Amino acid sequence: MEGLGLLYSGFVNSFTVVNLFACFIGALIGTIVGVLPGLGPTATMALMLPFTLKFGVTTGLIMMTGVWYGAMYGGSTTSILINIPGEAASVVTCLDGYQMCKKGRAGAALALVAIGSFVAGTIGILGLQFFAPVLGNAALSFGPPEFLCFMIFAFVLLSNLSAEAPLKGALMIVFGLFLSTIGINPMDSYPRFTLGSETLMQGIDFLPIAMGLFGISEILSIALEKYVKPQVNKIRLRELYPSREEVRRSVFPMLRGSILGFFVGLLPGPCTVISTFVSYALEKRISKTPEEFGQGAVEGVVGPESANNSAVMGSMVPLLTLGIPFAAPSAIMLAGLRMHNVEPGPMLFTTHPDVFWTFIAAMYLGNFMLLILNLPLVGAFAKIAVIRPQILMPIISLICLVGVYSVRNSLFDVWMMIIAGVIGLFLRKWKFPIAPFIIGVVLGPTTENSLRQTLMMFKGDMSLVSDRPISITLLALATAFLAFKFTAPFFGKKFPLKIEEDDAL
Amino acid sequence: MGKAARFRLATCFDFLMLVLGIVIAVTSLGYGFGSFGRPGSGLYPFFIGVAIAVFAFFILISELRSDTPKPVLDREGAITLILMTATFCLWIVAMPLLGYVVVTLLAAYAFCKIMKLEGWWKPLAVSGGTALFIYLLFDYWMYIDLPRGILE
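Chains E and A, in that order, give the protein sequences. Position 348 of the first sequence, counted from 1, bears residue number 690 in the numbering used here, the numbering being contiguous throughout. Position 90 of the second sequence, counted from 1, bears residue number 107 in the numbering used here, the numbering being contiguous throughout.
Hints were generated in silico from the structure; no laboratory data involved. These figures come from a predicted structure and were not determined experimentally. Backbone N, C-alpha and C define an ideal beta-carbon position, used for all residues, glycine too. Take these hints with a grain of salt, some might be off.
Derived pair list, reagent style SDA-like, types lysine to any residue, alpha-carbon separation capped at 20 Å [stated by the list, open to error]: (1) Lys130(A) <-> Pro731(E); (2) Lys626(E) <-> Phe768(E); (3) Lys568(E) <-> Leu26(A); (4) Lys771(E) <-> Leu26(A); (5) Lys827(E) <-> Phe75(A); (6) Lys130(A) <-> Lys771(E); (7) Lys568(E) <-> Lys130(A); (8) Lys133(A) <-> Ile737(E); (9) Lys568(E) <-> Leu98(A); (10) Lys445(E) <-> Ile564(E); (11) Lys445(E) <-> Arg591(E); (12) Lys130(A) <-> Leu566(E); (13) Lys626(E) <-> Gly636(E); (14) Lys396(E) <-> Leu437(E); (15) Lys773(E) <-> Lys130(A); (16) Lys139(A) <-> Ala727(E); (17) Lys773(E) <-> Gly94(A); (18) Lys139(A) <-> Arg730(E); (19) Lys771(E) <-> Ser483(E); (20) Lys773(E) <-> Val89(A); (21) Lys130(A) <-> Leu734(E).
Every beta carbon over 12 Å from chain E, so not counted as near; a handful from chain A, in silico [as the list claims (entries may be wrong)]: (22) Asp84; (23) Ile167; (24) Leu168; (25) Glu169.
Isolated chain E (complex conformation) (with noise of 0.2 Å):
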């Protein structure tokens, strides 16, 4: 009862008009950034970053996550219309979706598929509804080395799941731990890495950082591709109705496809691509007819769809109970939070029940809000993926340039920014995972005051570690995974996840 009346307060926190206006604004750009291929919603979550901080907390909360979700519901329009995924989460519904628009059902398919997001998302609300507070008191009684070894867990997960070679995720994760230590340590006054620099002893500020590996990166990356005018099919508002047999066949796998989104996203990676190809697998494994998948099976197209919706907010869980980003759109996220001063993780239900509950309420409005959206307007943003990207692209790097320097009026922010935009170029060029490496820097801190805090309660006998269950079946579960991961080619088995580099952005 106490949480229905927290929701109760956190429905009237939100009916504000800059509330209402914010989640708005973040499902209508989430929506544009998914209809558009090549610029994703963590670019789009960093580049927003700067304007969040003119509104309070849970604004730019609401703001960054309707983003993250309207990019869930938007991406699917290009893959059904033009068979080019607006996003990585919705490369697998080009396989079903563009051969039911070739059959003339493109409409039955977007209208299904904005449905399965609203259920999904509801779902995937009402699962983080009820999770969060229930972890957030359980992670009330972790110590340093509960999450160190939650640390070291998400790490070995990410390095693997986010490259197609581990060792390159690996690097990236403990090159992002490595910036995170310049700047004067907190624990003893030190100053590290500074090479004599002032401004480096402040540390490296986050904010350009992102905003050049993921917002400049990809503007650079964009631009360096040849530009081939996509043909957009047209849908009329009465072509969306589905048909009964459609509606049947698409109840099971969106629910299937929410429960099991929410809980692949509470994994580290990029849980959205991944929810998304094993939804796909699961409803291909029990069809009746599996050899309609890839010919147009409603199932294929309605299952990850909603799987990749419920995604986003089951990855939302950890970062809110244990303040541990499992994916980089979380990683934004957790950045945005601190910038307002606020540290999510166990103690944020007692500290500030308000942002939470204000921000789930704000996400039941904002699922209904991109519902509202996404039907009527359907052909509407089906034109925005035909928009050159010679227009579009200039206008967003010198938002990029002018917003990275408001924030703190630093023309040093703005070197950096086009710094790591280069270098992010390049590492996406040679395969190196981005994600990884934001989660890295953002995790630094928290990990080393973690290690520290062990060894120091362990007076450096390590072996301790095994007598606190949870730390040990977190390595275990580690351990247990690398094993698997590495011995699988041995037995002739092929490891069943591997993802894209630009998947895992």
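Given the coordinates of chain E, work out where chain A should sit on it, guided by the hints.
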């Protein structure tokens, strides 16, 4: 393994990371390693440095063993990248002098032309629209005090 494979940019990056890892590990020892029971400032970065060096070493080895891939940038791509980066840099240098509106207008036009937007009126419309939008967003709506340069 061809000679080209040995000297490609990606290999240089891996080598640089290997050296960086060693430098980090050595430098951190100067910050005080302490002991495992009483860790000093340098203990954590020391292990980070070692990890960077080890991972970079194995990536470097696999890179050297792999076939030479296509270059990541062709000549045209390299020119576009240099021009885009130069425009970014010029924006940073000129912004405090000319003001953000004028520099944004010029940079947006340059970006349009670098990205091969045909004609002159479309780039002009995009750059004018961008400068106006940025003025409205940052100055008028968000009240952020940005350098106005010659428009002061």
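Structure-based check of all given hints:
The hinted pair formed by Lys130(A) and Pro731(E) meets the criterion: a straight-line CA distance of about 12 Å does not exceed 20 Å. The straight-line distance between the Cα atoms of Lys626(E) and Phe768(E) is roughly 37 Å, outside the 20 Å bound, and the hint therefore fails. Restraint check: the Cα-Cα separation between Lys568(E) and Leu26(A) comes to about 23 Å, which exceeds 20 Å; the hinted pair is violated. A hinted pair counts as satisfied when its Cα atoms are at most 20 Å apart, and Lys771(E) with Leu26(A) qualifies at roughly 11 Å.
Note on Lys827(E) and Phe75(A): the hinted pairing holds, with a Cα-Cα distance of about 18 Å set against a maximum of 20 Å. Of the supplied pair hints, the one linking Lys130(A) and Lys771(E) is violated, its CA atoms being roughly 24 Å apart against a limit of 20 Å. With a C-alpha separation of about 14 Å, the suggested pair Lys568(E) and Lys130(A) falls inside the 20 Å cut-off, and the hint holds. Between Lys133(A) and Ile737(E), the direct Cα distance comes to roughly 15 Å. Compliance with the 20 Å bound is thereby established for this hinted pair.
Among the hinted pairs, Lys568(E) with Leu98(A) is consistent with the structure: their alpha-carbon atoms are about 13 Å apart, no more than 20 Å. A C-alpha spacing of about 31 Å is found between Lys445(E) and Ile564(E), which places the hinted pair above 20 Å, so the restraint is violated. With a C-alpha separation of about 17 Å, the suggested pair Lys445(E) and Arg591(E) falls inside the 20 Å cut-off, and the hint holds. For the hint pairing Lys130(A) with Leu566(E), the CA-to-CA distance comes to about 13 Å; that is within 20 Å, so the pair holds.
With a CA separation close to 10 Å, the supplied pair Lys626(E) and Gly636(E) stays within the 20 Å bound. Distance restraint check for Lys396(E) and Leu437(E): the Cα-Cα separation of roughly 41 Å exceeds the 20 Å cut-off, and the hinted pair is therefore not satisfied. For the hint pairing Lys773(E) with Lys130(A), the CA-to-CA distance comes to about 29 Å; that exceeds 20 Å, so the pair is violated. For the hint linking Lys139(A) to Ala727(E), the alpha-carbon distance of about 19 Å falls within 20 Å, and the restraint holds.
The straight-line distance between the Cα atoms of Lys773(E) and Gly94(A) is roughly 18 Å, inside the 20 Å bound, and the hint therefore holds. Note on Lys139(A) and Arg730(E): the hinted pairing holds, with a Cα-Cα distance of about 12 Å set against a maximum of 20 Å. A C-alpha spacing of about 43 Å is found between Lys771(E) and Ser483(E), which places the hinted pair above 20 Å, so the restraint is violated. Restraint check for Lys773(E) and Val89(A): satisfied, since their Cα atoms lie roughly 11 Å apart, inside the 20 Å limit.
For a cut-off of 20 Å, the pair hint linking Lys130(A) to Leu734(E) stands: about 13 Å separates their Cα positions. The beta carbon of Asp84(A) sits about 15 Å from the closest Cβ of chain E, which is more than 12 Å, so the claim that it is off the interface holds. The Cβ of Ile167(A) sits about 17 Å from the closest Cβ of chain E, beyond the 12 Å cut-off, so the non-interface label holds. No beta-carbon of chain E is positioned within 12 Å of the beta-carbon of Leu168(A); the least distance is around 15 Å.
Annotated as non-interface, Glu169(A) keeps its C-beta farther than 12 Å from every C-beta of chain E; the closest such distance is 16 Å.
When held up to the earlier numbered hints, the structure conflicts with 2, 3, 6, 10, 14, 15, 19 and fits the remainder.
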